[in-house]
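Protein chains: 2
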Amino acid sequence: MGDDRRSVLVVGASAAGLRCACRLARLKPDWTTRVIEAREVFSFAACGLPYVLSGDIGEPASLRRTDYGAIRDSDYFSRVKGVEVLVGRRAVALDVARRRLTVGGPDGAEDLPWDDLVLATGARPLRLTGQADHPRVVSFHVWEDVEPLTRALASGEIERVAVVGAGLVGCELAEAFRSLWGAEVVVIEAAETPLPRVLDPDLGACVARHLRDNDVRLLLDSPVERIRADDDRVSLTAGGETVESQVVVVAIGVEPAVELGRDAGLELGPGGAIVVDSRMATSVPHVWAAGDCATVQHAVTGDRDYMPLGSLANRQGRTLANVLAGRSDAFPPVAGAVAVKVFDRNVAATGCTKSSALDRGLTAQSARVTTLDRPHYWPEAKEIHLELVYEIPSCRVLGVQAVGEGEVAKRVDVATQLIARGATLNDFAHVEQAYAPPYAPAIEPLALAAMVAENQVEGVESVSPREGWGEHAVLDVRSPDEVETRPVDADRLIRIPLEELRERLGELDDSVEWVICERGTRSAEAVRLLLRHGLRARYLGGGLHWRGATGNGADTRRVGRVRQS
Amino acid sequence: MGDDRRSVLVVGASAAGLRCACRLARLKPDWTTRVIEAREVFSFAACGLPYVLSGDIGEPASLRRTDYGAIRDSDYFSRVKGVEVLVGRRAVALDVARRRLTVGGPDGAEDLPWDDLVLATGARPLRLTGQADHPRVVSFHVWEDVEPLTRALASGEIERVAVVGAGLVGCELAEAFRSLWGAEVVVIEAAETPLPRVLDPDLGACVARHLRDNDVRLLLDSPVERIRADDDRVSLTAGGETVESQVVVVAIGVEPAVELGRDAGLELGPGGAIVVDSRMATSVPHVWAAGDCATVQHAVTGDRDYMPLGSLANRQGRTLANVLAGRSDAFPPVAGAVAVKVFDRNVAATGCTKSSALDRGLTAQSARVTTLDRPHYWPEAKEIHLELVYEIPSCRVLGVQAVGEGEVAKRVDVATQLIARGATLNDFAHVEQAYAPPYAPAIEPLALAAMVAENQVEGVESVSPREGWGEHAVLDVRSPDEVETRPVDADRLIRIPLEELRERLGELDDSVEWVICERGTRSAEAVRLLLRHGLRARYLGGGLHWRGATGNGADTRRVGRVRQS
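Top line first, the protein sequences correspond to chains A and B.
Its first residue numbered 2, the first sequence is counted upward by one per residue in this note's numbering.
Its first residue numbered 2, the second sequence is counted upward by one per residue in this note's numbering.
Chain A extracted, bound-state conformation (with noise of 0.2 Å):
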């Protein structure tokens, strides 16, 4: 690029555009680096939009500040970056031949000449198929969104909503509504269970519960299938039944704002995304783009992908500015960690999860956990259920997902480190970490959570929480004590503690199919004690509590049994 004097135009003052103009003025102040934005109020951080209507946060201009106060506007970016932030401009037509970018403003249309044109066009909010602009069906992406709802919200006018999609947004959006303002919330999701891009079944359940249990009201495997908006209500169809309510927030997701790049000729990827290369050059030369309206690439498959996710876009915004400015940087490739807070659960996630993995060809398998996130001995430790997702023959590990009320994102973000580096079981189950009881318990969660899953490769197999008792015939190695204080509701059950299995081997034959304890530890133990003597049995994944945290088995009952120990 040299070090001539380049004049470079942003499009889009959002994390990822406004992140590269201000360290390109920082790298090369003498160069012109100005930044086009449609809309007056920019640069604030939209992931703390739903804890404004959760009242979490109470002022909203907080996510517009700095963390010393300053308002980040145009005059902030001026006065402080050295960057031009052109408000209320619309950028309507790209020439890449003639490097010009025309721009719509309250003066007329202007053509606005570019050596490099970094498109940071962000993403908007999809839509239902077929529907129709109304004031009472509305998202929740900018900051505009906020205030209207929030005063319906105040004055009583809406007293009921429906959310469609139960995503990150819809999941947090659920807990808004209701924390604060007492709503009636449905939520209304096409999947089997909520968050379906973030975690697999049997945790999407946890979380499924956890929102009933909240006076949440779920329809899942629902998908919307009519929407009629009345002045004063909204009528939705989704699974065959009707949802009466008076706002229903779209929340499925977004999709990339890529008109100006894709009238430009600029190859597009999946999601429909502008693609770029790891330096966020995109098919054009001198043409880039940042943020969340461009494609990354995904740290477990090597493809590109669609992940619009704001911590990406704020570093793909720093990387895009070292190479403009002539430096040696690339964005690597991204594993896709999230997390999300859902009433009292810790959500978080990384890598595939067992479904997309399958969808995208691998051979995968899962190991499930419930372990506590601190000793046990630990008054303040509190549960997580935890599921690895893991490669065979491989047995590279392809992504983790947890939830609980205990700690998990930290969790989350070590596996990221060790599933971007293509990590093995074997790597996990030597991961170091700072261990002290305040912190952790000895033996790390993901650690354990591999050696679970060494031991299924090696035949040692779990069933999913999700299954109901059937015909199986059930051998329960909890001691008397925990047999009596959570019953269970299996029709062919047979009592063993686990300290007595070794010497009553002889009394089982091989009818027992399952094996059940409270987290799955000494079911697993005793499944392999079983196995060694030739009798074929599987265990209870994550034991009773993840059983019963998904809802199953939630009303136990104290009803027939095999046999009685």
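Hints were generated in silico from the structure; no laboratory data involved.
Don't take every hint at face value.
One copy or two, either will do: identical chains are not told apart, so a pair holds if it fits within one copy or between any two.
As the list claims (entries may be wrong) - Simulated pairs of lysine to aspartate or glutamate, EDC-like, Cα-Cα distance not exceeding 16 Å: (1) Lys-383 to Asp-233; (2) Lys-383 to Glu-485; (3) Lys-82 to Glu-500; (4) Lys-29 to Glu-459; (5) Lys-29 to Glu-468; (6) Lys-29 to Glu-145.
On the provided structure of chain A, position chain B as indicated by the hints.
Chain B in isolation, oriented as in the chain A frame:
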């Protein structure tokens, strides 16, 4: 090792020894696996002991229990794990040529044969030079150390305690004695700041300040010179001062217990520990070692090292079982991640400190950041101070250490994975994380620290937050509100808010030496502006917040200014 039936003898029922024995009994149920243990109480969570003393853990026995309540005694290991633990037997002599271990027990000595011998003899507390045996000069290492102290504290017999050593255990004990028992506590440390092997002085000073804020008396830079124990008190002289107390706890670290191996001719390495390779093999065939008596390989230096950490012992035991069973496994190099809670401060570190890196002949530099553990607009966001140590000119990251009210263990766990894989500042700047406001800020603190380090490499340099103002001319770029709220006491002060700096650069001459702001971000930006205009200045690393946390500038006053804006 073949698949003939072998006899494996494990010396020491510690984390490493028991893990090895239990796994081996599982992988090779037909082999004879026995464990020799001198003490009656074993397999307890030693890292939990300080929290029994502090009252955080109400029932000491929980440290010996499984998560479902079973006591881990020899009966448990025999019935559940199929492992025989011979308690009350002391290994007295090892004959590696004849493969015999002489064991003393209640019924006299006997010779036990073995095919493979595992030394898991652990470590014992270091003693002060010339430290005599006396009931008032104690260590805090095993189960039996807790009860006498607790009893004496509860009866009021002990009201004043001296702790020698401000390491991990010393800091935990200081809190325990103060918080639950309200005892007067003096901590005596030979180094300049607490936790000298974990933290460089800039962060160590934060811990010192916090200990003092919690009424712990600290004698730093004070090696113990003399100790005299009487019937009712101990008189200890350190750093020229004499401290009287009713009990002295010596917590200056541990040394490996290696007599058995040493006498049998095993090679010893750093810290006097038994040298093992990544398969846990010692220098003598068929003799193995794991846990606190053995060496590890340091992930940063590649050298043999001694790191007695509970979480490693566990994994080493598992690795050794795999190796003995003929599986392919290897214990990877260790970065040395640790964490400790000191009253309301979380402390964690991994890799080398700058001091230890320099001691090891590495060309080390460090960067400091003060930041928040979650977005600044999140109501529960808390501050952390983080120091990142890197090598020049390679930019390889050597270590990370952090102290704060906010979350630090996660950052250190993530850093550990990266450091163990030779990551550079650029890799850290690109670290991927699960971002959501309840869990993390949009820019991960580790990435921020890496960017600060990159800027430093490019000439944007900082000064230590422990430095006094001296005669330096100081440019304060904070807003007038901030200046009002947190006045500084430098004699030569110039005030220009960052927002005005670009247009007022002309007011400055080359006398400006330091630039300051609240957390270091703006002052670093200001330094870059100054450098571009030919003015050489450095900024206060970590800002006034870090400086205040070290106790430096705690009593601010408003005096003499060079110029007032």
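Against the structure, the hints come out as follows:
1. Lys-383 to Asp-233: neither (44 Å within a copy, 44 Å between copies)
2. Lys-383 to Glu-485: neither (22 Å within a copy, 43 Å between copies)
3. Lys-82 to Glu-500: between (68 Å within a copy, 9 Å between copies)
4. Lys-29 to Glu-459: Between copies, since 14 Å is at most 16 Å while 58 Å is not.
5. Lys-29 to Glu-468: neither (61 Å within a copy, 33 Å between copies)
6. Lys-29 to Glu-145: neither (34 Å within a copy, 66 Å between copies)
Of the numbered hints listed earlier, those contradicted by the structure are 1, 2, 5, 6.
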